[in-house]
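Following the hints, complete the assembly by docking chain U onto the known chain Z.
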Amino acid sequence: MKNYLKIFCLSLVFISACGDNRDSTEWLVPQEEIFDGGPGKDGIPSIDTPNFSSVQDINFLEDTDLVIGYFNEGQIRAYPHDILDWHEIVNDDIANKSVALTYCPLTGTAIGWDRNVGNNKTTFGVSGKLYNSNLIPYDRNTDSYWSQIGLNCINGELFSTEIKTVPLIETTWETWKTAYPNSMVLNTDTGFSRTYGVYPYGDYITNHSRLAFPVEPLDDRIPAKERVLGLLSDAGNKSYRLSSFGNGKLVVDSIGDETYLIIGSQTLNFIVAYAIESDAEDWSYDPTNLPVIAKDGSGNALTIHGDIVDGPLSETSLSPTVSFMAYWFSLGAFYPGIDIYE
Amino acid sequence: MLLTNVQLAFSQTCCSAGAPVNSSFEIADTDYPLLTIQTDYNYKSINRLVADQTILLNHPRTRNGHNALVSIHYGSASPFSFGLVLPYIIQQRTSFSEEQSSFGFGDILLLTQYHIPTHWGDWSLGVSSAIKLPTGETDNRDDRSVVLSPDMQSGTGTIDIIGRFSISKKHFVRPNLNVQWSSLYRKNTTNQNFGALKGSTGRAFKFGDEFESALQVSFEMLAKSWFVSPDYSLIFRMTKPNEEQGILASNSGGQWLSHALGLFVKGNNDIGLRAYIELPIMQQLDGLQITTNLEFGLQINYQINLTKNNKNEKLPKNILP
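Residue numbers (this note's numbering), protein chains in the order written: chain Z, 40 to 381; chain U, 187 to 507.
Only chain U is shown next, with the shape it has when bound in the complex:
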């Protein structure tokens, strides 16, 4: 039985240059060779101005981010599975006098997942690791040929490492309520030559390391021939301050608590569709920052059974009508 109710979430609240952190991290557990091709679209409105915990009137600037991902996952009967994520990033920054945007391919993510064998029935454990490669654009410029700030770039120019752990239980409350808890840590490195031109040294910049933990509850049901699974998630994020020229930067870093509602549907074919919306609950930020006030996303995944007899299970088992 295969379900890919992949949670899509971005850890960096603002201006996540490079690949999104927690996106497409879950590779489905499968008993046969399975190739999953997944496309994601994510939109972030980053327009809440916060000083520590106080929400201020955000004027006069706005920030929006669009991300599109193509992910390819491969799983089999082996506990190891693999994935490749290729993002495309669009950033927009506006004020009453300027509309600035940048776009380009982001940093590629290579990930490996290990499903820890358990004998605990419906429990599932997994550990993942990923390496983010500096393949994305870091030279987006404005109309005066000035290199845009790091948060307006598609890539980061750095190799970063990500580790993730997840534990889930299907039928947590029988017959069709599932629960999953996952935690992720991203270790970033420093781009020593950001914005370097014509042999100049540029600027040393590092995005702050991130930690994210999410608890998701999902409900499965059948509606005629459609598999439908709404889910609710509670998400905690913490980032360290960015570093500029080797020194912690003011007005960066903090802690966020948000929640998300999602809906996954799958028909009598190999295509699954998920949509979600995420809203902030509270935040405790270092200094004055703009932060995400709304996020939503769409995901389409297509599964290809690579076994020779090509038997596909169209609908999940053990789901009561």
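Isolated chain Z (complex conformation):
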């Protein structure tokens, strides 16, 4: 009995020693590159109870406005930049998935995060801090701080934990309406009073010289605000310039031993990336019937969101990747020396 008691007491000591004793001032990234953006924690309020309207009922978007799209279990939703610019995070539940749609206006990055972190569902908020000019969300369960582009916890109880992403696409409202007329769209009934539709940062998007916070390193191989797709893999990272896709192009590319299908169009304003088995697959770009963007010789038709909707492989999907659109400078800073597809 005494031995069991000793073991029990030692266990308590061990458990308490393994608890959260991490110093709150310890950062996974250089602390001198963390800046306070000004509004404070939740000064930019996340949307935690989003409301949606059908495409036909949306009247505040212009055709050239950008939206972010997410697909799960047949449910399709769009989140307009016009709203994301003012809130940066939307905590949503779509079918069986709890997702945080995170968007940083300063780096132009929309990245979907799985809200199940460490087997606990959480919501994310805007911490008000920035790393390399990029959004730092915090999770409300543990108050840990995360790097949006770094995809990991950089401060707090979940230190160095990696976030699981969900695939998103980014395109214009015009392309979205054509491709997904029956989708639901985040509306301006957010519970907050903001001037949606008015871009809050002046000429920031087009001014390549304008960075609000220091960025290190600053890679000038491409103009700072040019939009590119960043593709991250265990074998390496690569970027694809939207401008190189013109009226539409399909590329089969490799990073290490991995093969990827990259499809994009500057005209329709999207780039997507999917993992494929080999470069033997004969897909060709064909946007004549959106959301289908590619077909192969067997009659399979691939949609923007990766589902195959016709042909022998119908009702299957290509494997998603960890990829997102970004302003070039942010990829150059977070992934120094990242390859550029030529």
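Because the hints were derived from the structure by calculation, they are not lab data.
Each residue gets a CB set at the ideal place from its N, CA and C atoms; glycine is no exception.
Honestly, I wouldn't trust all of these hints.
[Unchecked claim] Listed next, the stretches of chain Z that the computed footprint assigns to chain U, with coverage defined by at least 3 CB atoms under 8 Å from CB atoms of chain U:
no.	segment
1	67 to 73
2	79 to 89
3	232 to 240
4	247 to 259
Just chain U now, with coordinates in the frame of chain Z:
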């Protein structure tokens, strides 16, 4: 005769790091060596959310600022007078998930005033200049050791220059209505290394230059042995946008019109007391900003006559009961 009905006003509507701009700028005109020690307390509620001209519901954050000043002014028969202002700044920022505050000594202000000699009876002209020194704290941090934003710092880390002109007429409407008009311009410089840590370069930040013009009307009267002077002011302010990394920052800068009611009292001693409240009338801001919706302040000044015979005039002349 000496009256020190000093107007207390802060030019930067939001988050004025460092010393307040128009505070304690007026050094009284005097015929004998006079030392004035003045303490000021100012509170700002910065909780009006405005997009251009439209007032929005401000949720979920709040901002408040507290400033305490100690000023020492010296004047004499010479047209030149001098002053020193030492501020202490408390900033508070809250949301539903965070209460953040910072506090510390702000930037010291050294000022010089020249009373322009006139032969216009009750008219008085003055020009002032001040230099604000970067003595205040710029390294206030949160509980994760992240340097707080510039507007949450007590100091600015910069040397700024301020120039002011004032013209006043006592007994503008006889016998006891006075009027004063003053204008001020503040030229700010850039802190090139804001937030620099461990040899890093930090961030370049500059508060936008400011212009302020105020018209004040005051009424003097005697109530038993008390000198009482209520005043009303109309205040116009304009600031240029802040600069971040050398580029004009969005959502900063604008124009404001506000008004203030004040009351100055002085008994049969050397201590004067003033209280005021300032409320906004309208604003035209660049982008979306939080701005001041209420301001009030208290001021106590104590005058020391430094002449050898130490004759003090306890009550002002030419004030009809």
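Here is how each hint holds up against the structure:
For the segment 67 to 73 of chain Z, the proposed coverage by chain U is satisfied: 5 residues have a C-beta within less than 8 Å of a C-beta in that chain, meeting the threshold of three. Restraint check on the segment 79 to 89 of chain Z versus chain U: 5 residues with Cβ-Cβ distances below 8 Å, three needed, restraint holds. Closer than 8 Å: that is the beta-carbon criterion, and the segment 232 to 240 of chain Z has 6 residues meeting it against chain U, so the requirement of 3 holds. A count of 6 residues in the segment 247 to 259 of chain Z with a Cβ less than 8 Å from any Cβ of chain U is obtained; the coverage claim is therefore met, three being the minimum.
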